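Chemist: So the sequence lines, in the order shown, correspond to chains A and B. Heads up: the first sequence runs through residues 762 to 1192, numbered per the numbering used here. Heads up: the second sequence runs through residues 2 to 188, numbered per the numbering used here.
Possibly wrong hints are sitting among the right ones.
[Said to hold, decoys possible] Derived lysine-lysine pairs resembling DSSO-like cross-links, with alpha carbons at most 30 angstroms apart: (1) Lys915(A) <-> Lys132(B); (2) Lys841(A) <-> Lys50(B); (3) Lys1066(A) <-> Lys132(B); (4) Lys50(B) <-> Lys915(A); (5) Lys882(A) <-> Lys104(B); (6) Lys833(A) <-> Lys104(B); (7) Lys877(A) <-> Lys939(A); (8) Lys50(B) <-> Lys1129(A); (9) Lys124(B) <-> Lys835(A); (10) Lys763(A) <-> Lys50(B); (11) Lys132(B) <-> Lys974(A); (12) Lys124(B) <-> Lys890(A); (13) Lys132(B) <-> Lys1129(A); (14) Lys877(A) <-> Lys132(B); (15) Lys50(B) <-> Lys1184(A); (16) Lys124(B) <-> Lys824(A); (17) Lys835(A) <-> Lys104(B); (18) Lys104(B) <-> Lys1129(A); (19) Lys899(A) <-> Lys104(B); (20) Lys844(A) <-> Lys104(B); (21) Lys132(B) <-> Lys882(A); (22) Lys873(A) <-> Lys50(B).
The set of hints was computed from the structure by calculation and includes no laboratory data. Please read these numbers as outputs of a predicted model, since none were measured by experiment.
Given next are the chains, with one letter for each unit.
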Amino acid sequence: MKKSKPFLYLAVLAVVGLILGNLFRSWIFLVGSISSLAFFVIATRSLPPEDLEVEISRESEEKEVYLGDELKIKINVENKGGKVRFLEIYDLLPSIVEIEEGSNHQILELEKYETKEMEYKISFPVTGKVELGPIELKYKDPLSLFSKEWRSEKKMMIQVLPAVEEMQSVDLNPSFTKYWLGNIKSKSIGVGSEFFSLREYHPGDQFRDINWKATARNLSPITNEYEGEKSGDVILVVDGYHEGVVGTPHNNTLKTSINAAATLASNILSNRNRVGLIVLGDYLNWVFPQTGKNQFHRIMGNLTKLESGGSWNLEEVKWLLKDFFPRRSLVIFISPLTVPEFSETIVNLGMDKYDVMVLSPDPLKIEKEIVGKDKELEAHEEISERLYETDRKNLIKRLWRYGVVVDWDPTEPLEPTLEEVLKYQKTARKP
Amino acid sequence: MSSESSERFLLPIGLIIAPLLASLVSLHSVYWFFPILFGLVPLIGYLLKRSFFLDLGIALSILSFLFVNRGLTFSLVNLLTVVAVFFLFLAVWFTARNVLLIKRMRSAQDDTSTLGSIASYRKAFLGDIFKNIFAGAFLSIVASFLAMYSSIGSIKSSSVQMLLIVAFSTVVFFIIYLMIKMLTSDA
């Protein structure tokens, strides 16, 4: 239990009153001492109750939330003892957490055995793991003479997953399909739902596949054939080289690349394709292509942990792709293309007949968003901007020879840009 | 009157009135201006939101008031006056401290839900402070009366009186020691 400064001053008054009373032989100082003591005696009624027992619990200890989404935090405060007039509750939050509604700091009055709920909403500007708590509690008496502070070690672990943009009109599929079932029309006969052709009945054909109209016309049993729906493999390679990251810690090319990778993974997996991941950041990690919800969580987990850094030899990426990952996969590089070695690796893989696609968030657009679009540029800044734009255009033009390149403005949604590029690719392929 | 205006005007007025009143009852002394002089310190402390100056200023004001009136003869009227001024200072002191605490809490956040709980605390503490002040004043008057009349006032010999004061002081010191010991034990 802590004593406040007024407590100390009153104690000093009581003692000094006695000394001065004896010194001056004056009753008035003794009255001062007695008054101070009388006030102390009365104030002891406000001491924290002996049965002060407040139990704190959180609604959950772990939670996953997408970047930009709001999360409601609920804290239950249960008074298991006598009445508490003033209880200050302060849920300690890391500095990156933003409070959207309510407050993590509240003052409660609790009746005997009363339970109250404390609620507030938060959001997270960056991906990663965030720990909320511990919770600090402070009891105060009405005169603020005594206080008691303690901590509840109830913490909450939150995994902030990259933001996933829902894409309605874009289906990103690999050019090469494998044997397993999927959503890609393979232009060959197989298992599927779309009618392809008719053929004579063979023993073993399913009864429901018989085309009765054609059978009646032909006077012999005819069976429907369907277009096979297959799936393929897609490997996402995320460039997290520290030297190539442009922007602030909360808004940079790596964060946009991570969000884009999460969006693509969600889209490609929803079409029953297999998706793999290679991340090049403070560590080199990979996830072997698989399909399903579990794979999505695996990819999200890896993307959440990704931090910029590393000095990886890009030969390792080539080696990984050649020796560990299935051939004839679509390799999507997500990179701001600020590191020349990375662009060279893309060129090399393209030359090795890999099906390559590049999704490049434009670092200049991020920089402009941070600085402010309307900021007037100085002459030398304008020249350097133009030079950079020309360099980037040339590089993108060069990469187009080896695969599809999506030059993306990260301040805009990904879907329209991707749709436009895929449409352009289709028309360009037509003779 | 709204809570903001009462914080802005009423409390500073209270902080001015208490030392003025203390000086007014001390006009018989040549040092009558002491309480006013020391009374400026808590006022400045409150206006600058510095609780250190507020605490120190009030303690000095009370001590200066007691010092200025040290020659006062013991009577029921004088006792009541001294106790009243003493507890007036305490009332203003604790109210000002709580108002400063609320201001600090309010400036730390702009959330309306928390402001609601702060407002309810604000309403509750005033009642608590005044209950404590009145109870303290009553106890103090009774205790002082008993101390002055039953043990010290009835004995005429000054040496015995001195001895009793020392004994009384020792008992009081012992009580303070017990109190501090009790309050410092966290168990």
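Chemist: Could you run down the list of hints and mark each one as holding or not?
Modeler: Do the hints match the structure? See the list:
1. Between the alpha carbons of Lys915(A) and Lys132(B) the distance comes to roughly 37 angstroms, so the proposed pair goes past 30 angstroms and is violated.
2. Between Lys841(A) and Lys50(B) the CA atoms are separated by roughly 36 angstroms; this puts the pair beyond 30 angstroms, and the hint is violated.
3. A threshold of 30 angstroms between alpha carbons decides the hint, and for Lys1066(A) with Lys132(B) the separation of about 58 angstroms lies outside it, so the pair is violated.
4. Taking the CA atoms of Lys50(B) and Lys915(A), the gap is about 35 angstroms. The hint is violated against a cut of 30 angstroms.
5. Of the pairs offered as hints, the one joining Lys882(A) and Lys104(B) holds, with about 24 angstroms between alpha carbons and a cut-off of 30 angstroms not exceeded.
6. Straight-line distance between C-alpha atoms of Lys833(A) and Lys104(B) comes to about 28 angstroms, which keeps the hinted pair within the 30 angstroms bound.
7. Our distance criterion of 30 angstroms between C-alpha atoms is broken by Lys877(A) and Lys939(A), whose separation comes to about 57 angstroms.
8. A distance of roughly 43 angstroms separates the Cα atoms of Lys50(B) and Lys1129(A); the hinted pair therefore is violated under the 30 angstroms criterion.
9. Proposed proximity of Lys124(B) and Lys835(A) is supported: the alpha carbons are some 27 angstroms apart, at most 30 angstroms.
10. Straight-line distance between C-alpha atoms of Lys763(A) and Lys50(B) comes to about 22 angstroms, which keeps the hinted pair within the 30 angstroms bound.
11. Pair hint Lys132(B) plus Lys974(A) does not hold up; C-alpha atoms about 97 angstroms apart against a cutoff of 30 angstroms.
12. About 41 angstroms separates the Cα atoms of Lys124(B) and Lys890(A), which puts this hinted pair outside 30 angstroms; it is violated.
13. This hinted pair does not check out: Lys132(B) and Lys1129(A) have alpha carbons roughly 62 angstroms apart, beyond 30 angstroms.
14. Pair hint Lys877(A) plus Lys132(B) holds up; C-alpha atoms about 28 angstroms apart against a cutoff of 30 angstroms.
15. Restraint check for Lys50(B) and Lys1184(A): not satisfied, since their Cα atoms lie roughly 66 angstroms apart, outside the 30 angstroms limit.
16. Among the hinted pairs, Lys124(B) with Lys824(A) is inconsistent with the structure: their alpha-carbon atoms are about 39 angstroms apart, more than 30 angstroms.
17. Under the criterion of a C-alpha separation no larger than 30 angstroms, the hint pairing Lys835(A) with Lys104(B) is consistent with the structure, at around 26 angstroms.
18. Distance hint between Lys104(B) and Lys1129(A) is unfulfilled; the C-alpha atoms sit about 41 angstroms from each other, more than 30 angstroms.
19. Between the alpha carbons of Lys899(A) and Lys104(B) the distance comes to roughly 18 angstroms, so the proposed pair stays at or under 30 angstroms and holds.
20. A C-alpha spacing of about 25 angstroms is found between Lys844(A) and Lys104(B), which places the hinted pair at or below 30 angstroms, so the restraint holds.
21. Restraint check for Lys132(B) and Lys882(A): not satisfied, since their Cα atoms lie roughly 39 angstroms apart, outside the 30 angstroms limit.
22. Between the alpha carbons of Lys873(A) and Lys50(B) the distance comes to roughly 35 angstroms, so the proposed pair goes past 30 angstroms and is violated.
Of the numbered hints listed earlier, those contradicted by the structure are 1, 2, 3, 4, 7, 8, 11, 12, 13, 15, 16, 18, 21, 22.
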